[in-house]
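Student: The primary structure of each chain is shown beneath.
2 protein chains.
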Amino acid sequence: VQMDPHNNEGRTKFKAFPYVSAPHRNLMVDLVSTVENRLDSQLLPCTLPPDVQYYQNQSGTGSATLHIRSGHKPSQIDFILGSWIHCELPTGGALNITSLSAYLNPSTDAPNFLFELIQSSPTSLILILDLPPRKDLVLSPDYLRTFYEDTQLDKHRQTLEKIPEVRPYVSSSLYIRSLVSPTAITVRIETEASGQGRMEEVIKGHIDPIAKEVLEIWLDECACGEREVGETERGYLEKRDGLVKSRTIEIDLGSSLPRLFGPEVAERVLGSVREFFTA
Amino acid sequence: VQMDPHNNEGRTKFKAFPYVSAPHRNLMVDLVSTVENRLDSQLLPCTLPPDVQYYQNQSGTGSATLHIRSGHKPSQIDFILGSWIHCELPTGGALNITSLSAYLNPSTDAPNFLFELIQSSPTSLILILDLPPRKDLVLSPDYLRTFYEDTQLDKHRQTLEKIPEVRPYVSSSLYIRSLVSPTAITVRIETEASGQGRMEEVIKGHIDPIAKEVLEIWLDECACGEREVGETERGYLEKRDGLVKSRTIEIDLGSSLPRLFGPEVAERVLGSVREFFTA
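So the sequences go chain by chain: G and B.
Residue numbers for the first sequence follow the numbering used here, so the first one is 1 and each next one is one higher.
Residue numbers for the second sequence follow the numbering used here, so the first one is 280 and each next one is one higher.
Derived coverage of chain B by chain G (criterion: at least 3 residues anywhere in the stretch with Cβ under 8 Å from a Cβ of chain G; other residues may be distant):
id : stretch
1  : 417-426
2  : 446-458
Label pairs and their in silico Cβ distance ranges:
id : chain 1 : residue 1 : chain 2 : residue 2 : range
3  : G       : G235      : B       : R506      : 18 to 26 Å
4  : B       : R538      : G       : E216      : 30 to 38 Å
5  : B       : T313      : G       : T278      : 43 to 51 Å
6  : G       : A22       : B       : T313      : 57 to 65 Å
Calculated directly from the structure, the hints in this document are not laboratory data.
All residues carry an ideal CB built from backbone N, CA and C; glycine is no exception.
Same shape as in the complex, but just chain G:
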């Protein structure tokens, strides 16, 4: 038996992604493994309480995992957050959300990483993939060039746009819309009612390679790239990062968790996450 320094129940449950299709699960496992392999020496084990790493609703129709690993000094990583949420819907289907995001700390101003798949039925999938900027791009043309133009990030968005089943997806939150970069991929994929096979094809053939390429760009240029950040700039990043994290939790988890898991579970999970996000 191979030894795993972080082998605990929460981690095993998180990396199982038990409720999604094989191509969806394979993609999530590959992304999480890539990040962990590349950044392993910089990451602390997940220290969330067991009942936050894995939680269910009272009726047993919903379950979820949460896995957060902080970076330790002098890493540029603030923390990596992975999760999945599964909830049976009153209409008969199920909602499955899987996500992986990564936040850098103010020792660098490089963009964060954000990947989320929201499947509300076998034929409907929302994809969010972006390197959200950590500065006002309008005031920072060089930053825009370095991270978004020179990396040719937009070509992935253009590739996806050409798939006939792909539609634009617009978040209902104007704040979330403001957060993402001009090359953000925010799309809804709607396949034919008979087409579960087609959805798996789109995930395997299109989303999988694109998500992996964007993650590589983030690892090379952002997580592992070196940037000079002065004192004033650092204060600015601390303020902006803090706002982004606290508002993102409230808009994202703060609105969905109480609805899906009840107020008590939601408060327990949100409380734990807030500690990380405001540390």
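Got chain G sorted already, so can you dock chain B onto it with the hints?
Tutor: This is chain B only, laid out in the frame that chain G set:
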């Protein structure tokens, strides 16, 4: 004969919008008149040289007007810019661009106004309508609420999205994408080859009322609203506004004018515009 203090040839030519359909022309004239009536006492007459107010290309296949009126102190208006461009295309059709934009000065941080219609054929129209923010929205949730949420700007975008001929339009410039607000309307309308009547219907029935409503919001809340701007904030706005204006000219006019009107005319027009934009 009614006296008109600004009655000059350039102004008359600008307000004629001679090459576009009646609903398109009526909309442009109404928008320009609304702005001028409401802000008239704050605006100076257009002082651009006659050969910049109206210019043509050498072969005579292209003509254009430009009308810029600066605000005078203590107005919050920096300047209002209106223009139309008409160019016969080698393919037989014509390109028609009409636009009206308004820039505020650093005595307020309220959003600018941007409206542009780009018609490259009788059946294809690009619409850009926005109140571009003058601050980083991620760092300014109150600003986002005041100008974008409380004004319900997004409902106009949602209304247009439901029209079957409406498709998303994504600017090729990442900088321009970064400039616009999360409620920006940036769409392409593609009607059937037989459907010039339908395009006029969409302009009259949908674009016209929405553009007028958004302009009213801008006049009430931005151009004529009062905001407190401190010393530091003012410096920030000066810097950001300056960058936005200089980059917008270069990306927009700087790339299209040489192509459409030749390098000589382009340099003359751009030179005049730059004086305004960097004043």
